[in-house]
Each structure stands twice: as C-alpha cells, then as structure tokens.
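Participant: With the hints as a guide, dock the two chains, each given alone in a separate frame, to form the complex.
As a plain string of letters, each chain reads:
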Amino acid sequence: MALLSPEFRSRCRKFRQNRKSFRSLVLLLVIFLVTLPAELLCNDKPLILRVDGGWFFPAFRTYTYRDLGGDRDVPVISYRSRTFRQFTDGRMPILDPGVMYRRVDPDVDGASPSPTPGRPRKVWMLHAPVRHSHKSYYDSDKLALQCMANPLPHHVDGSPVPGAIKEGHYLGTDKYGKDVLARLVYGVRLSLLFGFALAFTSTVIGCILGALQGYFGGIVDLAGQRFTEIWGSIPRLMLMMMLSDFVSRRGGLSDFGHVMMLFLILNLTSWMGMAGHMRAMFLRARNQDYVKAAKSLGASDRRIMWIHILPNSLTPIVTFLPFAVSGGVMALVGLDFLGFGLDYPTPSLGEMLSQGQENIGAWWIIVPTFITLSAMLILLTFIGDGVRNAFDPRQKS
Amino acid sequence: MLTYIIKRLLLMIPTGIGIITVFFVFSELVPGGPLDQVETMIMDEARSASEGGATFGGDEGGGGGGIAIDPAMRMQIKRKLGLNHNRFERYMRMLLWWSPDSLISSKEVEDGAFAKVAFRDRKLVVFRSDDTYHVYLNGVDTGQGLGELTFDKQEKQFVSAMDADVRFDPITGQQVGGTTALTRITVRVKTEVFDEISYAASGARVQVKEAREEVYLAQSLTGAIRNWDNWHGYFLLKFPNSITKNKKSYVLIAERLPVSMRLGIISFFLTYSACLVLGIAKAVKNGTRFDAATSVLVLIGYGIPGFVLAVFLISMFGPGSDALVHLIPLRGLHSPPEIYNALGPLAKLWDNIHHLIAPIICLTIGGFAGLTMLTKNSVLEQFDQLYAVAARARGLSQRRVLFKHILRNSLIPLVTGFPARFVMMFFTGSVLIEKIFSLDGIGLLGYTALVERDYPLMVSNLFVFTYIGLFCRLLSDIGYVIVDPRISFEEKR
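Chains as they are written, first to last, in our numbering: chain A, -4 to 392; chain B, 6 to 498.
Just chain B, with the same shape it has in the complex (with noise of 0.2 Å):
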C-alpha cells in the first residue's frame, strides 16, 4: 500500500510537468500575452492621467493619443513579469529553478553582514569600497540623474553624486536634504542587512509607481542554497503574483476557495441523500409505474446541461424586468452587505439559501441520473442474494430484511465512490455556474484570469485545480481499499 501511494505521490510530478509545457509551449506560440495587457493598463492609466495637460509618456508618444511607453519601463515591466530571461529559463523558472544572485567567499560574510553586491544579469547589485557603498542603478533608466549613490556610512545616509546635497534616508527611502528633487530612491534595511533595495524614479519622463529594483545581497554558496528567494517554480508552490490583481495567487485562489468549497459541500450531500433515497425507492417498487416515471425524469435531468438551465432559470425567475417572477436574486451568496449585515440570524440564513438554491439545482441536475441508477442496482442485485432470501424465510418483515440486512451490502459500491463524486460536484461546471450566477469562485477566477490575460493566475489556478484534483482521486483510492479490503492495487498491476 505504501509504494502504491509512492508511486501515485511521484506520478503527479509528470502531471505538473505536462501542464506548464502545455501552457508554456502555447503561451510561447501566441502573441498577445500578458505585457500587452500591462501595457495597454498602464497606458490607459497615463491616457486619464495626461487629461489635466500634464505631459507624459515623453516625446517620442508615437501611436495611441501621444504615449508611449519608453524602453526603460517596459524593460522594468516585463522584469516584472519574469519575461526579461531567455526562454529555456522562463520555462526552467515555471517548474523549478534556482538562480543566487551574487556568490562570495563565506569570509566575505564573516567580514559584515553584506560585503559585495554587484550589478549582474540586470540587477542592482550593491558592492562594498572602504567606507561607502556604491549603488548602482545600471542597464535601467534612471531617470533625471540619479546617477551614483554612494553611502555614507557616518550619517548612514544615500548621497546622490550628482548633488553632494542630496541626501536619502536609506530606512525611510525619503529625501533629506538639497533643494532639487529629481529622484527619492527607496531603501528597506532589515536589520542590518540590505534586504531589498527599490527605488522610485519619478523624473518628468515617467512616473514609475511600483517598479522595482530587488537587490540581492552577496551570501555564501549554502546560504544561497537556503535562501528561500533564490528558489523559484510552482514546484515549490511559489506562486507568482497576479498581473491585475496584484496580489499573491495564492492569496487569491484561497480567497475564493470557501465559495466554491460551500456550493460542493452542499451539492454533494444534496445529491447524496437524495439518490439515495430514490435509489432504494426505486428499487422496492422496481418495474411500476413510478420506477419508470423516476427514471425518465432523472435522464431528463441528466440531460439538461445545468448552465444551458441555469441560463433559462435566470432569465425567467431572474431579477431581470421581462421575468416571469423574481425569485432568483442577481448575484453573489448573499446579499449587498448594507443590507445582509442588518439582518437577524434567521433571516441571513434564509438570505444565503435564497442565493444558493438556483447555483444548486443547477450543479446537481445532473447528478442524480448515474448515483440513482447505481443505488438501485446495488439494491436490487442484493436482493436475491442467499443471505436476503434465508432472512426473509426466517419470517422477517421486508422492510427489516431491507434496512438491516440489505442495504448495508449494498452501500459499499456507493461508499467507495464517495470521495471521487465529491471531488467531481467540487470541480464539474462550476466555471460556467459561478459565471451565470455570479458567485465568486475559484472557477470564476480561473475565467476572469483567462479573459484578462493575467498568465501568472491562470497558471496557479489550473496548477491547484489539477493537484487539488490528483490528491482527492488519490484519496479516494485509498479509500477503497479501507472502505473494501477486497479490493488490492498492488495485485492488479
């Protein structure tokens, strides 16, 4: 049974694997990716900001409305976006990479907290003389004379080469002395050690609000190796930011877990209970009129895809003007908070299932047709067995030799699917439900990442959809094994 989990546990690297070449190969072929999008966002932004008169974007503002957006930001931005590496990189990135920034000798360590930090593969890199350090802000714009930094180790104050007056606090990033301010570098000190160095170069030219130069420190080779930020790929669930969002995808898909998590839950032990009481029903009065009456209706409903009748429910009981009658609410899972947060108890959970009733007909329609069918074949292949027939010679009553004897044997096929159903009602349609009733979740999410470019999500999202997935099958499978001990997976290989 271990190495059976081993196996499953080391087969689900290829999994991961195949999906991120997938992704990758095509987001490679295609053009249009995500730095057209943050540029078309930023240049939007620029247009509504260049409405006052201000000028903007510079002088050479060729194509839409006289801005453009100059090679230095757009080198920032898709340093942003992990696009400033070469394309096996890129891709060794998404999986799993591991990239130290500066190496030194541990003496160096020893000598200070930060000896050498150097200006490599684009970066800023700070590097130690005497009794200054020497920032240099190279390969990037600097703006309106940035130029050299050097820090003054008495007044632990940045001074700008250009201007001995200008002077930077490097804690607090401001500006402390001289009269012109052309650039305010922004520097974070952690304890004594330069964590990150950013800096903000607001010149006339552009106005850069969040770029940001990370400075790696020069660290030992070990401690490279155990510095978490040299590591990168979604192996190690690190997570790249979202592009609109601008929060950690992880922090997202969490966000919108719980929502998606409640329309399972509750579509699963909906259908569970109800086919299962069908199920038996169906079999008792197996070959009547009300078997076949239940089983068209339950093919009709697995028929019917549930967002093709979340579609129609909507536009007919919906809030829409034309409605037959309002008995749909517009969105969400409950109401606008102004009016949720002033309901009693009683009334908020008549709120919720008032929202949650049309989402759930609709994601469990479908379901009912194979667990319905499933149950009353279990049942019913139950019912002929030598055990049922001696129960039933000894003088028990039908209805005793079905709840007590029967229906235990018959749970067991049903049991053992249990898992697997419950992730499938977790994942199945509910991109397309959560869209018609505007319920946000992970499916949602995964769509509106989709549509608005933003790679980084998308990725995510797909990446813990699959594993989420993978680990539940697995689960499931384990669960056979304990639910039914007949059942070894070991044998049928």
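Chain A extracted, bound-state conformation (with noise of 0.2 Å):
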C-alpha cells in the first residue's frame, strides 16, 4: 500500500521528530475526542437515571412519567422541574389528561381528582459535568430565564449578584440564557467536524479534478483551468455569504439541513487549492517512464491515475490537509459571524464571536471563545508548518 511507502514513512518518522508539531497533533486529537461525546459532557438531562431500581438513559432517550412508572403519559422534559421532584417525591397529582385542561366538576366527573399522595421514590441520577446542553434554557424550575449571567459574583448597582457558576454555568450565559460552556463544547466539535468533512471532500473534488486535467490535458485542461480561474476570481466570502443568504431565505431547512447546505457551498470553492496542485502532479507524472510504462502494457487511464500516479502524488494532499481543515473551520465561523452561516440554536463559534461583539462586555463569552478558537487554528497551524516541513522536498532542514 501506498501509505506505508517507505518514502513515506520516514516522512512521517521527520513529521514526529517535530515536537512543536507533534505536540500539536496530539492536542488537537485530544480536544477533538473530548469533544466528541458533547452529549456526555454538557447535558441537561441525567445521563443514567435509576427509578427503583430501573436503568433509565435520559441523555439519549425521552422517557415519558409512565415509562418511570408514573401515569401519566407526558414526556419528562426536564429532569430539574418541581414536576419531576414531585414526581420523585410522590407527590404527583394523579391526573387524568383528558381532565387536566378542563375545570372539574365533581358532581359529573364522580370523584374529585385531588392528588394521591404516592410513594417516594428512590432515585439515583448521574449527571454529565455541566448539567446544561447548547440549547437547554437557564432552568425550567425559574420562571424568568436568566440571560448574560456573569459567572463570578459581582455588582449590579451597588447590590451584589452571586455568580452563575453557582448554578452550574461555569461560563456563564448567553444573551438567550443558554450556558457559554456547553455551547463551546458543542461548537467545537461541529467546527472541527466541519473543518475535517470539508478538507476531506475538497481534497477529493480537488483531486478528482485536478488529476483529470493533469492526465488528460488538452482541452479537458483547458476548459478546467478557465473553469478555476472564473470561479476562483470571485471574491469568495462575498460568493459564500451571497448564497449562503440566498439558501436561508429559500427556508424550509432543518437544522441539520442548513448545516448540510451551508457545507456544500463552502464545497464550492474550496477544492481550488487541491485541485491545482493535483493537476500539477499529474501533468508532471503523465510523462515519467514508469507512466508510459503502464500504459504500454496495456494498463487503463483509471488504474493508471489511480494505482500509479496518485500515490507519488501524496505530498500536496498531505500538506494541503492541515491549512484545509484551518480553512474551513475558518470560513464556518467568519459566516457566521456575519450572520449568514447556521441558525441560533445550533451551536457555533462564530454566533459566540458575534454576540462577544455585541455586548462588549460579556467577557465571559468573548475571552473563552477567543481562546479556544486561536487555540484550535494556531494548533492547526503548527501542524501545517510540520507537514510541510517533513514533506517538503525543498525545504532544507
């Protein structure tokens, strides 16, 4: 196999050798496999949940009271509610849901439906560390939803006002009162999820592309290369932001959908780099004996691009593929800075970013964005500049 060339791995040996890098890489997996399991860190619902004696997961599934052993067939929506510790407590009104929203009568309906004072319940919950999601409000149990809560006391016109963490917001709260520390979580790991999904489509678009018109040349190279230089000349962010504008006004997305979307026209443009240095490769390969070679013996264009070219062709690929992971995360949160990427609930660095900006003095929401988001990038940086360094044949050591 290819990847295990030696060429290739005494690259990968100078690539380790590179502490600064290495280090890098190792931390950017960290922070990735940590926050890969958002739902284990940051939730508001218990993430095991023990009702006599019974094993209940509320972070993946919504049990409803009666699922509890309750009678009532009305999702638990939230696991802090008085409902839920009446519930708990046995203190439950026994309701009839047919009867909830309606007066009663005792002389129609017989009995009057007082509540009956059930058992206790032994309950036992595990909580994730932060006992709220990206988009769980403050707490259900207070009525007024506390937005931009500061997580350290302080002072509110001479008057001290404890501070959030006390309520379990280690960061305090957004504007729409939902925890800082949670959404940071959570927009980690999509940022970093979109960064590597779209360095790894670019880099196949770019290299399909590119390796057509290196390999065939000719008028497939030229239709490809007038075809970049059309599209790439485009100021892209004022290209993205224009499309991105015109799907959202489309509407009828989900959440998942705009996430989608907003990917595939981020698609558009970025395979450019690759493509190039693809079609580089493969102008540069189509002449070299080893290629003429297979093709004497009769070897097809697909298994010669794909057997014999591609994997001398590894360097720009591996290169291309930190800066391509920084480039994405960068132009998810730049577009949604300015309003045009993902819409609120879901959880986004850049939406952080542009309410830090908004209300300036939310420290507790612009200094951890600012840091995690540097931190992320600089750490992609670092990895960059080893790859290319340990792949780089002109770079001297």
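The hints are simulated quantities; they were obtained by calculation from the structure and are not laboratory data. Since the structure is predicted, the reported quantities are computational estimates derived from the model, not experimental observations. Positions of the beta carbon are idealized from the N, C-alpha and C atoms, including for glycine. Keep in mind that the hints are not guaranteed to be accurate.
With beta-carbon atoms standing in for the labels, derived distance ranges [to be verified]: (1) B:Met6 / A:Ala288: 31 to 41 Å; (2) B:Met266 / A:Gln12: 37 to 47 Å; (3) A:Gly64 / B:Val30: 24 to 34 Å; (4) A:Pro155 / B:Pro324: 23 to 33 Å.
Taking lysine-lysine and the DSBU-like style, the derived pairs with C-alpha atoms no more than 35 Å apart in a straight line are [to be verified]: (5) B:Lys252 / B:Lys353; (6) A:Lys9 / B:Lys290; (7) B:Lys252 / A:Lys15; (8) B:Lys250 / A:Lys170; (9) B:Lys353 / B:Lys250; (10) B:Lys440 / A:Lys130; (11) B:Lys440 / B:Lys243; (12) B:Lys250 / B:Lys440; (13) B:Lys250 / B:Lys83; (14) B:Lys440 / A:Lys170; (15) A:Lys287 / B:Lys12; (16) B:Lys253 / B:Lys353; (17) A:Lys9 / A:Lys287; (18) B:Lys290 / B:Lys440.
Chain B stretches covered by chain A per the calculated footprint, using a threshold of three residues with CB under 8 Å from any CB of chain A [claimed, not checked]: (19) 17 to 30; (20) 440 to 451; (21) 457 to 470.
Facilitator: Next comes the structure, spelled out in structure tokens:
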C-alpha cells in the first residue's frame, strides 16, 4: 500500500521528530476526542437515571412519566423541574390527561381529582459534568430565564449578585440564557467535524478534478483551467455570503439541513487549491517513464491514475490537509459571525463571537471563545507547518 | 507578450459573465428580492405618513396595517428595478443589451428635433400630429383624470383634455392654470428636444414621489445606436442605481474606495517592511533560539484569524464600559467631524493613527508568516551560492556580503510577488474587519448591500471587486516578466 511506502514512513518519522508539531497534533486530537461525545459532557438531562431499581438513559432517549413508573403519558422535559421533583417525592397529582385542562366538576366527574399522594421513589442520577446543553434554557424551575449571566459574583447598582457558577454555569450564559461552556464544547465539536469533513471532500473533489485535468491535458485541461480561473476570481467571502443568504431565504431547512447546505456551499470553492496542486503533479507524472511503461502494458487510464500516479502524488494532499481544515473552520466561523451561517440553536463559535462583539461587556463569552478558536487554529497551523517541513522536498532542514 | 496580455484581457470577459450568471440564477431561484424590500420600505414610509389619519393606499388595503401598494405603483417599482422585462431580457440587460425605444426614418428626424414618440413596451411616448403633441400615459394608472394631454405649440404648454384650464408648463412642469389641482406633470426640456418627460401623479390615491416615466425620443437607427442611453449592461460599466441609497452604484463604490485603499496600502507597506527585516534577521541567525521563537510567533499570528482577534481586541480594549483599558476608539477612521475639525494638524495625525492601529494589526497579523519565511529562505539560498562564497573569500565583511551581494539577488522573488500581495492585502478579510471596526469601506458596502437586498449595488460591488482583482493580477504577472526576464509566459503553454 502506498501509505506504507518507505518514503512516506520516513517523512512521518520526520514529522514526529518535530516536537512542536507532533504535540500540536496530539493536543488537537485530544480536544477532538474529548468534545466528540459532547452529550456526555454537557447535558441538562442525566446520563443515567435509576428509579426504583430500573435503569434509564434520559440523555439519549425521551421518557414519559409512565415509562418511569408514573401514571402520566407526558414526556419528562426537564429532570430538574418541580413536576419531576413532585414525581420523585410521590407528591405528583394523578391526573387524567383528559381532565387536565378542564375545570373539574365533582358532580359530573364523580370523584374529585385531588392529588393522591403516592409513595416516594428511590432516585439516583448521574449527571454530566456540565448540567446544561447547548440549547437548554437556564433552568425550567425559574420563571425568568437568566440571560447574560456573569459567572462570577459581581455588583449591580451596588447590590451584590451571586455568580452563575453557583447554578452550574461555569462560564455564564449568553443572551438567550444558554450555557456558554456547553455551547463552546458543542461548537468546537461542530467546527472540527465541519473542518475535517470539508477538508476531506474538498481534497477528494480537488484530486479528481485536478487529476483529470493534469492527466488528460489538452481541451480538458484548458476548460478546467478557465473554469477555475473564472470561479476563483470571484471574491470568495462575498460569494459565500450571497449563496448562503439565498439558501436561508429559500427556507424549509432543518438545522441539520442547514449545516449540510452550508457545507455544500463551502465545497463549491474550497477544492480549487487542491485541484491546482494535483493538476501540476499529474501533468508532471504523465510524461514520466513509469506511467509510459504502464500505458504500454495496456493499463487503463483509471488504473494508471489510481494505482500509479496517485500514490506518488500524496505530498500535496498531506501538506494541504491541515490548512484545509483550518480554512474550513475559519470559513464557517466567518459566515456565522456575519450572520450568514447556521441558525441560532445550532452551536457555533462564530455566533458566539458576534454575541461577544454585540455585548462588549460580556467577557465570559468573548474571552473563552477567542481562546478556544485561536488555540484550535494555532494548533492546526503548527501541524500544517510541521507537515510541510516534513513533506516538502524543497525545504532544507 | 502583447498576445499574452490580449489573451488575458479576453479571458476576463467570461469571468464577468460567470459572476452575473451565478448571481442571476440564484436571484431568480430565491423569493424575496429587492421588490419586496422596496415595497416594505414604501409601506413603512406610508405607515408613518398615514399616522396623522390621512387616507393612504386606497380602500383595498388588506394586509399590514390597512396599507397596500396598488398595482400601478407596483408596476412602477418593478419598472424602476428593471423587473418588468422578461427573464431573458433581464439577464441580457445585466450583461449587454441594446434597446432602441422607437425608431423612425431619418427624414422625420430632419423634419423636427423630435418627430414621433409612441407608447411602446409600456413606456410613454410622444408623437407628433400637425400642431399638437399628444401625450398618452398609457398602461399606467395616471391618477385621477390626467387622461390625455395635448401640447399647445403656441403657448408651449400641455393642456389637459379633461379640463382645458389646466395647463402645465413644459419646462418647469408646474401647473399654470385651472383651479382643480388634479395632477402635476413634470416635463424637462433640453434644448429643443424633449429629452425626458416625467410625471408625478399626486392624486388622492397614492403619492408617487419619484415615479418617473421616461420618454424615449424617436431617433434614427444610427442615432439610436449612438445613443448611450439605449445601451445597458455591466460590461459597458452602466451600473444601475442602488435601491436603498438612491445613488449610482459606482458613486457609492468610489466614495468608499479610499477607506479600503488606505487600510490596504498601510498594512501592505507595514507587512513588507516588517517581513523583510525579520526575514533577513532570521536568515542571519538561522537555527538560533531567536529564529525558533520568531517562527513560533509568526505562526501564531498566522493561525489567529484577524477578525477573531479584532472582536477580542475591541471588547477588551474598546470603548465598552467593561473593557480593561480604553485604547480603541468606537468607529470610523477619525473622530466625529465636530471634534476632528477642531484639532491641530499633529493632533489630527495622531487621531488618524489612533483609529487605524487596531484594524491594521488585525489586517496584517496573518500576513507575516508567508512573507517572512519567503524572505528567510531566499536569503538562505543565496548564502551558499558561489558568488557569496567568493565574496567572503575575498575578505569582505559578512555585513557587506549580506547587504551588497546577497540581498539584491534574494529580493527577486519578493519583488515579483509584490503586486499580487498588494492586491491580496487590498481585499482579503476586509469585509469582516471593516464591519467590526465600522470602517466605511467597500467591504462593508458589499455587506450592507447584501443585508439590505440591494441587488444592483451588490452586483456592482462584486463586479468591481472582481475586475480590480483581475487587472491587478494581470499587472502583477506582467511585473514578473519585467522584474525577472527569465520568466516567459508564452513558453509555458
């Protein structure tokens, strides 16, 4: 296999010797793997719930009170609500759903639906370290949502206000009363997944288009070159903003659909750098002896491109990848920041950044977001630098 | 070389077609274009105007607050936005289009300055009978009883057919007779020729402030071709008016250009000089701790996106009440005029610098890495060249070898990249930075145009942006050849 070719391995070794870059890679992978199960880290629902000996996993499934041994067919929305506490204390009124919203007339209904005290239930919960998710509100127990809550104790008009850390908001809340830390964790996961996916698809697209151009040359190459030139000379950010605006105005998209649409839009331009590199590699390779030999042996074009040339053209792919990831992350953040990206409940670092700008005093939003985002991108830059040093034959050590 | 340049220039045409096609396809696919935007604007205006209790918008007002835009007005807005044409014509009008409005034989032109104007394609057209000019405002609701106007040649006035007393002065457009002020017609006359007739119907129904009906003169075929007004399209640099700002798009762009240019030029020179010094220093001290440390610093700068840093800086050091230190002013390139104008020249300079520091930091921070490394590598490369070794062997000092011999050769790759980088500096990231620091440049202009759905301004902006980019890239490629004659583009093909 090409991946195990000695040259490739020696370059990997060279990369590993670059301590700064290798550590960055490890650190980034750690960040990615830690944030990947974000639902386990930040969740308003308990991860494990035991009611009278039964096992429940509210973080992954929605249960009704009947599932938990109660009488109501009402889903449990919050495990911190008064209703749930009444349920566990055995004080929950037993109500027929049909009667719930009707004024009860004892003469008609016969029996009064007065709360019949049940028995207290034995409840044990395992909570996530952060008891809020990226879209859960402050606390359903409190009537008013607390928005823009400062995590530290401070004074408002001379009177002290306790910090939101007490409520489990380690980094306070944003302007919609959602937990900043949770949004940060979910946002990092989404950004990294988005960046990786974008890097992958744009590499694949770029490789295919570049390879076709370089290998076949002639009219294919000319057409491809012209197209790239035209497409590439349109200011990218403006184009992305425009398309994203058009898409979101057309409407009818779910949150996930919106992410995918944005992904497709960013794919429209992100392949161009890769295609240029691959074109050059294939252009050079197609006149080399090993390709000519394969051709004279009757190998098909596809086989030559896939088996012969591609393994010899891995350098640009590998060097390109870290920068493609950081480019993808940055594009997403930029679009989100300008308001042309994901819709609100979707966790997004760019959106947090714009909240930080709107509310200049809210350091608990801007500082963590800035640090996270910069750290992520700096790590990617270090990795990219290391990879380039290891793989670029022109670089002198 | 010349053929190469011509080739490149010709290749710019499909780029423009591409931009417009992309834009057109998407704008056609998507609901809620500028028509909705303008209608909302007018309704808002009407709502605030009708607050005093005046009836407005007629009786068929259904939806929002009892105000509706009547069909005639909608037609006029459509016409103003160029939406009255069919899809193909709309597309072609963006690219290149010639629409003669009425053609007559050249003999008729000799007869009089204007001979025959007709109502065609929903446009007002004046035509000539023996002594009178009949003006028909067809196809549009003319308000109450404008009906037919005749032009009285003796008195040089328009006479309403409904009420003979109602007359209009063709030059001022004022009503000069009659008691019933039904309508007002504005006629502008240039020389002897009716250039443009516009009317404003100030009836009870809808007040149309700027509804203009253009009158196209009858003209000969050659005249019609020569007439610049008959030509349309971005390729002729005929940019339509901005919808929201009510100004020519290119005027708006020209107004904003200096701001973006100032930012671009300053950050460009700053980056170049800093990178040169740093790159040379790093080459001389290659492998030392200084080299490694600066490499890390420069890479960190490359990693942090400028706009992210900008947001951070403005919230930490900006004018907000919770900022650590108030170092960054709120917005713009200088203080508000009432303060700024009172300052002395030195204070003015400081004021400008003060406002520019933060945006410039954010614009340049990402640009150091590439250029510094390029400088370093190209100086290092020259270190081992024979001529440098020879110079050292002759006993020249290291400093002399570096500055007199090596530097000159190692600067070639830098100089060749000069124009391309200049352009890059000009455009990259400026939308974000300009928005964050509220600098009124072209980036912000494009952004607001997009937010306000000002399609003409948006396309103009995109178009101008793209073409400036293309021309600068061509110039930079020509620059390559001039600086380094070893490069030839013809042989590459």
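Participant: Holds or violated: are the alpha carbons of Lys287 (chain A) and Lys12 (chain B) at most 35 Å from each other?
Facilitator: 33 Å, holds
Participant: Under 8 Å between beta-carbons, do enough residues of the region 457 to 470 of chain B, three at least, approach chain A for the coverage claim to hold?
Facilitator: Answer holds; 4 residues pass the 8 Å Cβ test.
Participant: For the pair supplied as a hint, Lys440 (chain B) and Lys130 (chain A), confirm whether the alpha-carbon distance does not exceed 35 Å.
Facilitator: Roughly 28 Å between the alpha carbons, so the hint for Lys440 (chain B) and Lys130 (chain A) holds.
Participant: Check whether the Cα positions of Lys290 (chain B) and Lys440 (chain B) lie no farther apart than 35 Å.
Facilitator: At roughly 40 Å apart (the allowed maximum being 35 Å), Lys440 (chain B) and Lys290 (chain B) break the hint.
Participant: Does Lys250 (chain B) sit within 35 Å of Lys353 (chain B), going by the straight-line distance between their CA atoms?
Facilitator: With Cα atoms ~30 Å apart, Lys353 (chain B) and Lys250 (chain B) stay inside 35 Å; holds.
Participant: Determine whether the Cβ-Cβ distance between Pro155 (chain A) and Pro324 (chain B) falls within the hinted range of 23 to 33 Å.
Facilitator: 27 Å, holds
Participant: Are the Cα positions of Lys440 (chain B) and Lys243 (chain B) separated by 35 Å at most?
Facilitator: 28 Å, holds
Participant: How does the coverage statement for the region 440 to 451 of chain B fare against chain A, requiring three or more residues with Cβ below 8 Å from a Cβ of that chain?
Facilitator: holds (count 3)
Participant: Does the alpha-carbon distance linking Lys9 (chain A) and Lys290 (chain B) stay inside the 35 Å limit?
Facilitator: 23 Å, holds
Participant: Against chain A, does the region 17 to 30 of chain B show at least 3 residues with beta-carbon separation below 8 Å?
Facilitator: holds (count 6)
Participant: Please verify whether Lys250 (chain B) and Lys83 (chain B) have alpha carbons no more than 35 Å apart.
Facilitator: 17 Å, holds
Participant: Does the structure keep Lys253 (chain B) and Lys353 (chain B) at a Cα separation of 35 Å or less?
Facilitator: Holds, because 31 Å separates the two Cα atoms, which is no more than 35 Å.
Checked against the numbered hints given earlier, the structure breaks hints 3, 7, 18 and satisfies all the rest.
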